[in-house]
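**Student:** Using the hints, build the complex out of the two chains.
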Amino acid sequence: MNVLQTMLLALRAILRNKMRSFLTTLGIVIGVAAVIAMVAIGQGAKARVEEAFASMGSSLLIVMSGTTTSGGAQGGYGSLPTLTWDDLRAIQREVPAVRWAAPALRVGAQVISDEQNWTTSVTGTTPDFFAIRDWSVTRGVPLTESDIESGAKVAVVGQTVAEKLYGRGADPTGQLVRIKNVPFQIIGQLAKKGQSPMGQDYDDAVFVPVSTFRSKLQGGLKNYLTGVIMVGAISADSTARAERQIASLLRDRHHLLAGADDDFSIRNLTEMANAQAQGTKTLTSLLAAIAAVSLLVGGIGIMNIMLVSVTERTREIGLRMAVGAKPRNILAQFLVEATTLSLLGGLIGVTLGVVIALEVARRFGWAMIVSPGIMLLAVGFSALVGIGFGMYPASKASRLDPIDALRYE
Amino acid sequence: MSGPLIRLEDITKTYQMGDVELHALRSVSLIIEARELVAIMGASGSGKSTLMNIIGCLDRPTSGRYFLADREVSRLGRNELAEVRNHTLGFVFQSFNLLSRTSAVENVELPLIYAGVPARERRRRAAAALTRVGLGSRLSHHPSQLSGGQQQRVAIARALVNEPEVILADEPTGNLDTRTSIEVMAIFQELQRSGITVVLVTHEPDIAAFADRVIVMRDGQVLSDGHHAAIAARPAAAVPVPA
Numbered sequence: 001m002n003v004l005q006t007m008l009l010a011l012r013a014i015l016r017n018k019m020r021s022f023l024t025t026l027g028i029v030i031g032v033a034a035v036i037a038m039v040a041i042g043q044g045a046k047a048r049v050e051e052a053f054a055s056m057g058s059s060l061l062i063v064m065s066g067t068t069t070s071g072g073a074q075g076g077y078g079s080l081p082t083l084t085w086d087d088l089r090a091i092q093r094e095v096p097a098v099r100w101a102a103p104a105l106r107v108g109a110q111v112i113s114d115e116q117n118w119t120t121s122v123t124g125t126t127p128d129f130f131a132i133r134d135w136s137v138t139r140g141v142p143l144t145e146s147d148i149e150s151g152a153k154v155a156v157v158g159q160t161v162a163e164k165l166y167g168r169g170a171d172p173t174g175q176l177v178r179i180k181n182v183p184f185q186i187i188g189q190l191a192k193k194g195q196s197p198m199g200q201d202y203d204d205a206v207f208v209p210v211s212t213f214r215s216k217l218q219g220g221l222k223n224y225l226t227g228v229i230m231v232g233a234i235s236a237d238s239t240a241r242a243e244r245q246i247a248s249l250l251r252d253r254h255h256l257l258a259g260a261d262d263d264f265s266i267r268n269l270t271e272m273a274n275a276q277a278q279g280t281k282t283l284t285s286l287l288a289a290i291a292a293v294s295l296l297v298g299g300i301g302i303m304n305i306m307l308v309s310v311t312e313r314t315r316e317i318g319l320r321m322a323v324g325a326k327p328r329n330i331l332a333q334f335l336v337e338a339t340t341l342s343l344l345g346g347l348i349g350v351t352l353g354v355v356i357a358l359e360v361a362r363r364f365g366w367a368m369i370v371s372p373g374i375m376l377l378a379v380g381f382s383a384l385v386g387i388g389f390g391m392y393p394a395s396k397a398s399r400l401d402p403i404d405a406l407r408y409e
Numbered sequence: 410m411s412g413p414l415i416r417l418e419d420i421t422k423t424y425q426m427g428d429v430e431l432h433a434l435r436s437v438s439l440i441i442e443a444r445e446l447v448a449i450m451g452a453s454g455s456g457k458s459t460l461m462n463i464i465g466c467l468d469r470p471t472s473g474r475y476f477l478a479d480r481e482v483s484r485l486g487r488n489e490l491a492e493v494r495n496h497t498l499g500f501v502f503q504s505f506n507l508l509s510r511t512s513a514v515e516n517v518e519l520p521l522i523y524a525g526v527p528a529r530e531r532r533r534r535a536a537a538a539l540t541r542v543g544l545g546s547r548l549s550h551h552p553s554q555l556s557g558g559q560q561q562r563v564a565i566a567r568a569l570v571n572e573p574e575v576i577l578a579d580e581p582t583g584n585l586d587t588r589t590s591i592e593v594m595a596i597f598q599e600l601q602r603s604g605i606t607v608v609l610v611t612h613e614p615d616i617a618a619f620a621d622r623v624i625v626m627r628d629g630q631v632l633s634d635g636h637h638a639a640i641a642a643r644p645a646a647a648v649p650v651p652a
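In order, the protein sequence lines correspond to chains A and B.
Start counting the first sequence at 1; every next residue gets the next number (my numbering).
Start counting the second sequence at 410; every next residue gets the next number (my numbering).
These aren't lab readings, by the way, just hints derived from the structure by calculation.
One or more of the hints may lead you astray.
[To be verified] Covered stretches of chain B (in silico footprint by chain A; criterion: 3 or more residues with CB under 8 angstroms from a CB of chain A, positions within the stretch not fixed):
hint	region
1	462-470
2	504-510
3	544-556
Fair warning: this is a prediction, and the values are worked out from it, not measured in the lab.
Heads up, the beta-carbon is just placed ideally off N, CA and C, and yes, glycines get one too.
Next comes chain B alone, as it looks inside the complex (with noise of 0.2 angstroms):
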């Protein structure tokens, strides 16, 4: 790969809204490198969600173009994203979105089964990154009898599957208590130091800190981008990542 993992130029988005066009974001450019763990801030209705969804390939900019992975992907069709969502991305939600009556191992499967992955390598698979994430012994557990921060376990499971470049996190400790919002972060620098870009988004500074680099939004712009060297300082990356 010659280029940045991610780069956005000039992207913009508009939702027309009756008779008032509303601005999403307004020319964000951005680039994002491999192996990075960035956190997008910002209040609500800066524009953040869309960044994110836009990076995320679920949503396609009003104009300006996207590269990810050296292809550019602002213009590509439905089947097309949805190729490069399954191969490419892997995401985690607030709200986990596991489905319910479930086993988790059939949740974490869910991406290789439309990766056309046959179904006894997609188990193994599926079980592989569960102990990753220290669920090896839940592999049969429905959603219903894990706690919130083994359900995200889960999603985070279920997101690096498929070995994924870049995975995206919305809020993923919205919903969680502030020992397992530590857990799950630490996680994910874990998967970023085994080579994952992560991506989230939060509006906790405490939740931030655990990234190297912060971009904060507002009006549908980035405000600030930065490399917080305290981050390095703090401990939080010596918290131990649950087995």
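With the rest of the complex left out, here is chain A (with noise of 0.2 angstroms):
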């Protein structure tokens, strides 16, 4: 009697008790789909943070300034300009983990071409900001360090800006926009970069010399740097290490004494992508942990209504042994009837994970990642599920007594 048989054989077995099977399946069915949909959103969510903040730059430190407290209320980082013009050179210069460094001021402006107008952030830096951002123009030319040096009025724009003054599609470079009344002229068109984990529209920006920025947009203090610094350490390995560097040449610097607090702050965003990924693999990790539970429980019911079948056609064994079957052509049986109770509620539940997570998908806007490892894994599983809890039925079954099975009521 070979494979092939013993499975027609099951699978005759099970089609004979059609509502039966369905039910005996469904928990199978339920915690398969269960794990393929809890799986599926989970990496979903992971791939959505990962990507949003590789989008950020793979190895981004931001320092900011410190707070001010006036009259009890503490003005956030970044109120109390502490840093200076001097810090940043000496963190371009003097940290060893730091590979580029750059100043970002900020201002909200009205931008203003022939015929549109468009209120975004106007942001002053360097060429080092792009290489730390990972961004590169895809129309006309980067900013260059003779821009910077030469204070020319010229600016870098996002997509979302370059649509909304001059259409979808339209080559902005060339065009001349006024920025608080100081003309420009757009040079480049930055490549489309995406959401912050936030939310926040990467491509709705401008971007001019930091030289230009201080003398034509926003004045501010002569010495310190009102705004940010955005920090590339050599690799994303290295950031926390660039952290500790910059924190502890910036304290020296500012002459605080030990035990001072810091007047300043570093944002280590490739930490806390880290942290972000690691909580979404710890929630994956538990949604498929109670999906392993139902699966378990979907055996235990396999199990159950196996051993209902081997009593209830007790007389049927006893009757196949009596006409030479061998106890472990029985147990092949009962085997793989289990089995393949098991495989097919695992092959719906595949399905039924798939279209759920694909359903979730499309009402919500979902990320979803339905992996065909997972599949696998989860029909692989559950053949071992039937496997497993089929083999006490059927072990059972095939040690019955061949006079005592012919002769049950």
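**Tutor:** This is the structure in structure tokens:
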């Protein structure tokens, strides 16, 4: 008696009790569908977080000024300028783990073209900024050091700004815009960057040389840097080291005593990204674990019904033995039956899980990743559940005494 | 084959029922030759069913030796006994024991499945066996669509499909009316004429009368064992086999 015949036999036995078979596999179906849907949602969320953080730049630190306290109201980071232009140069020169450092001075302003206007954020910075953010121009040219040195009235615009001012697909380079009544020539358009992890549109921005920003748009304080310093570490792994080195450099430069609070703050976005990715991963594992428990419950359901089935079919087992079935034939029959049941449940569950994941993705706009690996794993696991939980009833059937089985009422 | 087909030597079977030992068979010795049609009779508890189970290799004796077709089978393991049942023996039961919701031809195929016969060959031989018992036109009927006599004929076809040497029938007419009982017995006689040994257990003298040898059991022992010549004179053998 070969495997194919045993499987056909099992399939017939399953189809003979359609309703019961369906209810038996329901546990597995729900378990597998839950695993597939949960993992798809979890992996989707993880991928979205990773993508969002990756678009910020993979080894990014932001150094911000300290806080003011006036009348008990604490002003928040950046409210008291403590960072100086010399600090920036020191970070650039003296910190080994830092590859790039760029100022980012920001103001909200209306940008006016010949026909349109758009209020957006205007940032004064240096070419390093674009290296840190791994951000290049798709049209025209980027800001250069000579633009900074000469204080050129040139601007590079994000894609959203270009579309708002000139329409979708139009080339903004060479056009003149006015920002706070200062004419700027657009020399480049940046590649599309997408959204920040918090949903802010990176492409809704205009960048001008920091020197021009200070002389024409917002004067600020002479020695102090009225913005933040963007820092690119030498690698994604060295952000923590860069953070420590910058902190000790700044404490030294600001003459802070041991035990005094920092008068600046450093945001390590890579660490934040890792923490958030770790959180999503933990959540995914948790959801998958709950789903796995339901698979286990499904397995127990199968064992239960197989035991009932063995009892019900005791006379059939006796007869099969009388006409020449060996114990292992009986074992195989019930084992294959249990496995076929759970495997069918697994396949239906995978289909259902994918449908649920796609439907949720469509309806709520969540990111979903249904990987073939998890599907194979779920189907394989459900087959294992069938073998595991089918073994006891099957071996019980195979150990029946033919005479007792034949006489069973 | 040199020796007799079935040879039992000092077979005993003892069941342990709590503290009490129940002696189902006490030193039974018996020889059944090929092509015999033997009826085993006796009251319930006489040991006739136990004897039948041991002859049928469904049960093993507590002591004694059993030779089937020159092979000692009394000490074989479960797998080997299964093979003996599959190749050498065929069973017919009082309650037919057909698989429900399974067609007649598939029921008959069952022993061939465990013998490893290919599907096409199985179907051909099962159909031939059903034709032989007069059910050639009802191959795809399910047991529930067949009368009691027809169901028992399906069971007989199943018993003979793998060309056994012995067919064992335990009260084969117990659930049948007189007319169908006679038809079923006529099939057994036809099988005997074709060379198959038939051993049947019955408590009805009318049925035992179809046999050419009657063994009567009492208290686990053979009470009498006789070839009654009267049988040859009876017209039973003249009952036509249903076509």
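**Student:** Are the hints correct? Go through all of them and say.
**Tutor:** Hints versus structure:
1. 462-470: holds (count 4)
2. 504-510: Satisfied; 3 residues make the cut.
3. 544-556: violated (count 0)
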